[in-house]
Each structure stands twice: as structure tokens, then as C-alpha cells.
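Using the sequences provided together with the hints, build the complete structure.
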Amino acid sequence: MDILVIVPAYNEGQNIETVINDVKKEAPQAEIMVINDGSSDQTGFIAEATQKATVINLPYNLGIGGAVQAGFKYAKRNGFQTVVRVDGDGQHPAQGIAMVLEPILNGEADMVIGSRFLYSSGEKPRSVLARRIGQKIIGFVLTIISGQKITDASSGFRAYNEEVINLLNKYYPADYPEPEEIIFLKKNNFRIKEVGVPMKIRTKGSSSITSVRSIYYALKVALSLFIGILRNPIIKK
Amino acid sequence: MPIFQILSIIGSVLIIVFLIELVRSRRLKESYSLLWFFIAFVFLSVSLWRGLLEWLAVFMGIGYAPAALFFILIMGLYLISLHFSVVISRLSEKNKDLNQEIGLLDLKIKKLKEWIDGMK
Chain U
735 MDILVIVPAY NEGQNIETVI NDVKKEAPQA EIMVINDGSS DQTGFIAEAT QKATVINLPY
795 NLGIGGAVQA GFKYAKRNGF QTVVRVDGDG QHPAQGIAMV LEPILNGEAD MVIGSRFLYS
855 SGEKPRSVLA RRIGQKIIGF VLTIISGQKI TDASSGFRAY NEEVINLLNK YYPADYPEPE
915 EIIFLKKNNF RIKEVGVPMK IRTKGSSSIT SVRSIYYALK VALSLFIGIL RNPIIKK
Chain X
-12 MPIFQILSII GSVLIIVFLI ELVRSRRLKE SYSLLWFFIA FVFLSVSLWR GLLEWLAVFM
48 GIGYAPAALF FILIMGLYLI SLHFSVVISR LSEKNKDLNQ EIGLLDLKIK KLKEWIDGMK
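So the sequence lines, in the order shown, correspond to chains U and X. Quick note on the working numbering: the first sequence kicks off at 735 and runs consecutively. Quick note on the working numbering: the second sequence kicks off at -12 and runs consecutively.
There could be a bad hint or two in this list.
To be verified - A few chain X positions that, by computed beta-carbon distances, are all more than 10 Å from chain U:
| # | residue |
| --- | --- |
| 1 | L(-6) |
| 2 | I(-3) |
| 3 | S(-1) |
| 4 | L22 |
| 5 | G50 |
| 6 | L91 |
Stated by the list, open to error - Distance condition first, Cα-Cα at most 20 Å in a straight line; then the derived SDA-like pairs of lysine to any residue:
| # | chain 1 | residue 1 | chain 2 | residue 2 |
| --- | --- | --- | --- | --- |
| 7 | U | K810 | X | D84 |
| 8 | U | K904 | X | K100 |
| 9 | X | K100 | U | N791 |
| 10 | X | K81 | U | G799 |
| 11 | U | K786 | X | W102 |
| 12 | X | K83 | U | N900 |
| 13 | U | K927 | U | G873 |
| 14 | U | K870 | U | G930 |
| 15 | X | K95 | U | P793 |
| 16 | X | K98 | U | P793 |
| 17 | X | K83 | U | L901 |
| 18 | U | K927 | U | G841 |
| 19 | X | K83 | U | T784 |
| 20 | X | K81 | U | L901 |
| 21 | U | K810 | X | K98 |
| 22 | X | K100 | U | T784 |
| 23 | X | K100 | U | E782 |
| 24 | X | K81 | U | G930 |
| 25 | U | K954 | X | S79 |
| 26 | X | K97 | U | A761 |
What the hints contain is simulated information worked out from the structure, not anything from laboratory work. Virtual Cβ for every residue (Gly too), placed ideally from N, Cα, C.
Here it is in C-alpha cells:
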């Protein structure tokens, strides 16, 4: 019982129960931790009612970074050696958990990203053009900076080992943490690996990134990546 | 002494007195008052010693002395605003930590309660 599945959820009352059941079915040995990020709907209540998940209710909405970090803090304090992050909106089918976990468990990588682009079969992910272009640019920049091909930088389907947990519970990027986390971990000499996982198109609820906000998003990511390059590593390996 | 100079001296002194009162009554923290005091004393020095502004303007290569005053003031305000952004960033970081801590403590309390209820 040393695997913690972190499920950050903000107003996912329609999806959260399915996600929990799905994770429980695919990873019965893991503890499921739902971080209810100050939802205004019944997300926390529904998650607790399943009795399959431990639920942290944050008093107000922190954003994805703050929510995930709360999960890392819980993992650190309760001695979990492995963390898997699965988004609460249901776009990460739990069958992918075993796929992102494998390189962690056999010591091949310190952090694993589940990439929808490395997975061949299943439904093709479709998204807004502006967003797709943004993803390509971020991916390109990340590939140059990290010296490693990153195909799905915005994927939140990830697995982490204990060393990474020790770092991320203390320092975690705030607003759009997925790409920044890659730079941050690379800077601190952690090994990152991408594996293909199936992903679903959102069924219920709406994505937190709308096309209007995507320019703001792209600018913010660009800035945080740039600053991320300039930062000194926190730990020496 | 021209009336304008007398007025600006009185104004500067009043600002300093007001600042002292704010700190004295603990409505303004000492550490956040320093920059404001600094600016107020710049006001006062420039009002008391008229040649100072002329000298500063010449030193900075600005032909029109009041423009030098505006430049200094705007830079001062810029620095203060920047200082506030830094303080706000620090506060929001601490706020985030407290938020997470409340969430984690809340869970602990819930677990403790369940445990106690189980003992009954």
C-alpha cells in the first residue's frame, strides 16, 4: 500500500464518482486521494460518499498546482513511495495507471508522463486549433530545453517516485504546472520518461482552458518556462 | 521664501507626521513604512533646499528641473509598487500553504473523529 493516486478535482461532481470507481477497479492496491479544490458543487461530498477515496477539501480554490501539491504533501507525510496523478475530469482512463507506473517501479525513470500522442489505438484526441498550436510550440521549446523529446507536455497523467515526491511537496509550480514541472525536474537532474496512454475526450463538464484564455495561457507558460531555465537547481544529484 | 516653498515644506512635514502616526497606531508596519518615509524625506529635502532640485536636474542632464522631480517621484512610486507585488507574492504563497494545511488538518480531524467514534 505505498502507491497514492492523486486526483485533483474542481467542480467535477459529474465525473468524480466514475473516476474514483475506475481507479479503484484498475489499481485496487492504491490509496485514492481526491483533492477537492474549493469546488462550489458537490465534488467533495460525492467523493467521500463512494468510501473508496480519502478526500482533502481545500477551503478555497487554489488552482491545479496548489491542489496537486496538497496531494504531494499528504504523500510525503504519510510515507508513500509512489504517486500517480490522474485528473478528476475523466480524461485519463485508469487502465493507463499501470503504464505510467511501470517505469517508476522498475527504476527506469523518476517521473513518467502519460502521452496521448504515443498511444496508437483508441480515439484520436481532438482539440481547438489554437490549443493544438500552443501545445506544439510548448512541446518544441521543452524538447530543446530539456534535450529530450516531449510529446505531451500538458498531460497531467503522471507518475512520480519517492525522490521526486520529496522535492515536489516543498516546491511546486502554481498555475499551469504541467510544462513547468518538466523543466523543474530536468533542472534537478531527474529522469523523465514518456509512455503512451489512452486518453478520452471530456464527456461532462468543461475544460478549464478556454480558447479565449489560451493566449494568456501560452504567454504565462512561455514566461514560466523561460524563468524556469534561469533558476538554479534546488537539489544536487 | 516663496509661498509655494512654505506650502511644500508644511505638506512634507504633514506627510511625515501622518506616516509616524500610522506606524504608531500599528496601522502600518515599520518594515513597509521605510520606503514611504524615504520618499517623504525626498519631498522635504527638495522643498527645504531649492538648489538641490536644480543640481539633481543638471546632474541627470535634464534641462527642466520640475521634470527631474517628476522622474524621481515616478521612480519612487514604481519601486514602492514593485515592493508591494513582491510582498503580495510572498503573502499568496503563505496563504496557499495555509490553505493546504487546513485541508490536511481537516482530513486528520475527520479521521480522528471516526477513530474516536469507533472506540465508543
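Hint-by-hint comparison with the structure:
1. L(-6): 46 Å, holds
2. I(-3): Consistent with the label, X:I(-3) stays out of reach of chain U, its closest Cβ about 46 Å off (over 10 Å).
3. S(-1): 40 Å, holds
4. L22: 25 Å, holds
5. G50: 39 Å, holds
6. L91: It is violated; X:L91 is separated from chain U by about 6 Å at its closest Cβ, not greater than 10 Å.
7. U:K810 to X:D84: OK: U:K810 and X:D84 at ~15 Å, within 20 Å.
8. U:K904 to X:K100: The given pair, whose Cα atoms are some 28 Å apart, is violated under the 20 Å limit.
9. X:K100 to U:N791: Within the cut-off at roughly 16 Å; holds.
10. X:K81 to U:G799: Holds. X:K81 to U:G799 sits at ~14 Å (cutoff 20 Å).
11. U:K786 to X:W102: The given pair, whose Cα atoms are some 17 Å apart, holds under the 20 Å limit.
12. X:K83 to U:N900: Holds. X:K83 to U:N900 sits at ~18 Å (cutoff 20 Å).
13. U:K927 to U:G873: 14 Å, holds
14. U:K870 to U:G930: 17 Å, holds
15. X:K95 to U:P793: 15 Å, holds
16. X:K98 to U:P793: Roughly 18 Å between the alpha carbons, so the hint for X:K98 and U:P793 holds.
17. X:K83 to U:L901: Holds: X:K83 and U:L901 sit about 17 Å apart, inside 20 Å.
18. U:K927 to U:G841: Measuring from Cα to Cα gives roughly 11 Å; hence the hint holds.
19. X:K83 to U:T784: 28 Å, violated
20. X:K81 to U:L901: Since the Cα atoms of X:K81 and U:L901 sit roughly 18 Å apart, the hinted pair holds (cutoff 20 Å).
21. U:K810 to X:K98: 18 Å, holds
22. X:K100 to U:T784: OK: X:K100 and U:T784 at ~19 Å, within 20 Å.
23. X:K100 to U:E782: 15 Å, holds
24. X:K81 to U:G930: Not satisfied, since the Cα-Cα distance of roughly 37 Å exceeds 20 Å.
25. U:K954 to X:S79: Holds, at roughly 18 Å.
26. X:K97 to U:A761: It is violated: about 25 Å lies between the C-alpha atoms, which goes past 20 Å.
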